[in-house]
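Residue numbers (full-length UniProt numbering), protein chains in the order written: chain A, 1 to 285; chain B, 1 to 285.
No lab work stands behind these hints: they were computed from the structure. Predicted model only: the values in this text are computed from it and were never measured. Just so it is clear, CB atoms sit at the ideal spot from N, CA and C, and this is done for glycine as well. Be careful, since some hints might not be right.
[Stated by the list, open to error] Derived coverage of chain A by chain B (criterion: at least 3 residues anywhere in the stretch with Cβ under 8 Å from a Cβ of chain B; other residues may be distant):
| # | stretch |
| --- | --- |
| 1 | 45 to 58 |
| 2 | 104 to 115 |
| 3 | 164 to 171 |
| 4 | 189 to 203 |
There are 2 protein chains.
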Amino acid sequence: MRIIRTAAELRARLEPLRSGGIGFVPTMGALHEGHLSLLRAARAAHGTVVLSIFVNPAQFDRGEDLAAYPRDEARDIELAEASGVDLLFAPEAGEIYPPGFRTTVSVGGAVAESLEGAARGRAHFDGVATVVSKLLILVRPDAAYFGRKDFQQLLLVRRLVADLGLPTRIVGCPTVREPDGLARSSRNVGLGPEERRLAAAVPAALSAAVAAVRQGVADAEEIRIRAGRALDRPGLGVEYLALVHPETLEPVAVVTAPTVLAVAVRIGATRLIDNELLDPAPIEG
Amino acid sequence: MRIIRTAAELRARLEPLRSGGIGFVPTMGALHEGHLSLLRAARAAHGTVVLSIFVNPAQFDRGEDLAAYPRDEARDIELAEASGVDLLFAPEAGEIYPPGFRTTVSVGGAVAESLEGAARGRAHFDGVATVVSKLLILVRPDAAYFGRKDFQQLLLVRRLVADLGLPTRIVGCPTVREPDGLARSSRNVGLGPEERRLAAAVPAALSAAVAAVRQGVADAEEIRIRAGRALDRPGLGVEYLALVHPETLEPVAVVTAPTVLAVAVRIGATRLIDNELLDPAPIEG
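All chains should be built: construct the whole structure from the sequences, respecting the hints.
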């Protein structure tokens, strides 16, 4: 595995490898089993696997501590090597945002403006869209892999790739979970032991919603109330808990078609998001 | 010469031609000698020359009549063929902006916000930046050619290409002028005979500024006043007449280094822009 710090070197090294196919996994590092599942999917499908590790300053909102985001490059390098990564691109911020940088890629509409967009502010998804565009232009992979845990980010990336005509297939991979259901996330390391136990309320809320839909409940507000009960715990603050259309993210009032339940909570200093696709079809069949 | 209407066909046809080098001239059609000079520059330097003709709705501001923009595809095709164009890409608007399109590429700062950005509104350069990004991502040329008449657009394109890391060299080509000095522009066809005579005041204003600098005038306001006199004609409205830094577009107060004099006027229903680089060096040498 080669570790690359500059765009120019990455571009040059990729050129002779293009004919064998390139799979790309963009990350902010602090690799966990979720990322490794993306790398496995890429490894199985392409001659060359590129992993990027870049804690993107542009997508952190003011209130959030960019400096506090977990970083452990040595461990990430080991995990990447063990996962069969060929090229690890780990640039400094100045390589991605050189002096005079003034360009923003921005996706409009509910896909960028609701849920995470509303909670974290407009700049968050602008930061995501801009850095993902830059990385996809640089790597020009045949496919790029993203986790469904960040399903709104996945929709946003699909939108911008279609809109800009980037020649990359976007692959969404299933959320990887802990034994108690907690979605794997780099942010989980910020949870203390008691907070970690409390965090199990998030997948419990999703399960309550799935159970409600299985029981034939279609009223979104009723489903939301049942899911919300699991979150009604001291020390857990709900930022949003919403039933939305899986592509437009418009609010859903009655669950008669696949609907996403999206949730964001704060536990202490840690912010967690998760989501579940609620599919009413099984009860009708 | 092949005429291509879809991005998919253009992408497929370009692939086997890449090794010979690709030069690209993006236009809104209504081709004139200015465009042809860009095509000649591209023809001399690359194995394949791609011309795009797309009247980009996104870069027209509300007040302006998109429908009134001159179009003559049959004549453009003849001129392109005669200029040695290999691939003419002339898509419909729906090919560039399909249903659900929501992505904008935006350049911030004075390069996008002053002069034309201030006069035509923020959406104008967002429209330019978005369509140029899409076209450069699609064509992925070795070089793309732009006229210096639209010098602010040229700066904006250089900025976004550097910022997004697009692998294309941007070439700025000299403004082509009529015998009386009027810059060639697709918009000139909108001028009636009397308006056409009046339009010669624009290059006359630029010449007055050049003469002032040659005479040793360094005070920007004095240069501006002398240039402005040439424009003080009934039926000619000055939108802006400004001395600015050639890269940052910041206002210049004293001309001690190369400075751009930029001008926009309205004559009847036609809006004209032009510019000249004022170089004080000759008087110092």
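Cross-check of the supplied hints:
Note: the stretch 45 to 58 of chain A has 0 residues with beta-carbon separation from chain B under 8 Å; the three-residue rule is not met and the coverage is violated. Note: the stretch 104 to 115 of chain A has 8 residues with beta-carbon separation from chain B under 8 Å; the three-residue rule is met and the coverage holds. As drawn, the stretch 164 to 171 of chain A meets chain B at 4 residues by the rule of a beta-carbon pair under 8 Å; at three or more, the given contact holds. With 0 residues having a beta carbon nearer than 8 Å to a beta carbon of chain B, the stretch 189 to 203 of chain A misses the requirement of three or more and the stated coverage is violated.
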